[in-house]
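Using the sequences plus the hints, can you model the full thing?
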Amino acid sequence: GEQVEQLPSILRVQEGSSASINCSYEDSASNYFPWYKQEPGENPKLIIDIRSNMERKQIQELIVLLDKKAKRFSLHITDTQPGDSAMYFCAASSGANTGKLTFGHGTILRVHP
Amino acid sequence: GPKVLQIPSHQIIDMGQMVTLNCDPVSNHLYFYWYKQILGQQMEFLVNFYNGKVMEKSKLFKDQFSVERPDGSYFTLKIQPTALEDSAVYFCASSLAWGADEQYFGPGTRLTVL
Chain A
1 GEQVEQLPSI LRVQEGSSAS INCSYEDSAS NYFPWYKQEP GENPKLIIDI RSNMERKQIQ
61 ELIVLLDKKA KRFSLHITDT QPGDSAMYFC AASSGANTGK LTFGHGTILR VHP
Chain B
1 GPKVLQIPSH QIIDMGQMVT LNCDPVSNHL YFYWYKQILG QQMEFLVNFY NGKVMEKSKL
61 FKDQFSVERP DGSYFTLKIQ PTALEDSAVY FCASSLAWGA DEQYFGPGTR LTVL
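In order, the protein sequence lines correspond to chains A and B.
Start counting the first sequence at 1; every next residue gets the next number (our numbering).
Start counting the second sequence at 1; every next residue gets the next number (our numbering).
Worth flagging that the hints you see were computed from the coordinates, not collected in a lab.
Mixed in with the good hints there might be a few duds.
Cut-off 25 Å, straight-line C-alpha distance, at most; resulting in silico cross-link-like pairs (DSS-like, lysine-lysine) [unchecked claim]:
#: 1; chain 1: A; residue 1: K45; chain 2: B; residue 2: K57
#: 2; chain 1: B; residue 1: K3; chain 2: A; residue 2: K37
#: 3; chain 1: A; residue 1: K57; chain 2: A; residue 2: K71
Stretch-level coverage of chain A by chain B, calculated; a stretch enters the list once three of its residues show a Cβ under 8 Å from a Cβ in chain B [unchecked claim]:
#: 4; stretch: 26 to 37
#: 5; stretch: 44 to 53
Quick caveat: nothing in here was measured; it's all calculated off a predicted structure.
Even for Gly, the Cβ is constructed at its ideal location relative to N, Cα and C.
Pasting the structure below:
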């Protein structure tokens, strides 16, 4: 089945700088790649996603890039703020188009003032 | 935004007992999911459900697990009997469409099996 690798596991940045999280997947048929932000004790919240017919998507300070050939996708947060501190998960949809999401192991982002 | 509700938020039970976790999906969504999250780890897919049927399940979805949504009421996950390794947070999610569509997650039910 699909496997998703996510790096780094912990990321510390200064407020105002950029943060980047990288993920790779195995199933070349995967066609949907959401990113979720999860705060302690809360549910995962969808922050941005990208489908396989796109290479880049931006929503305000969030940028996602998708390289289908390399089977890699990444999240870039520009101008980080302390409120961006959280756990971030990437995910890839099942190539069988069943809606099953396979998640990466998560990245703890800490933005220091 | 769209909200998924889950009841209860916490459940503590003795090993071997039955437990039912309840999910109220987004009102116009048709596809429902359960994911399991052990503390500090990622969500892991258990099962998806549409039109009264399980469409896909993972190896984590043991024989002791079952799901249903009788007459459009709660989408439920039942575990009977429970085991110690079932302790986790269980998240329900729903989506409007199949496949590459946004899944909205509920707040989770923290299950502790003693």
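To see whether the hints hold, each was checked on the structure:
Our distance criterion of 25 Å between C-alpha atoms is met by K45(A) and K57(B), whose separation comes to about 23 Å. Pair hint K3(B) plus K37(A) holds up; C-alpha atoms about 16 Å apart against a cutoff of 25 Å. A threshold of 25 Å between alpha carbons decides the hint, and for K57(A) with K71(A) the separation of about 16 Å falls inside it, so the pair holds. With 4 residues having a beta carbon nearer than 8 Å to a beta carbon of chain B, the stretch 26 to 37 of chain A meets the requirement of three or more and the stated coverage holds.
Counting residues of the stretch 44 to 53 of chain A whose CB lies closer than 8 Å to any CB of chain B gives 6, which reaches the minimum of 3, so the coverage claim holds.
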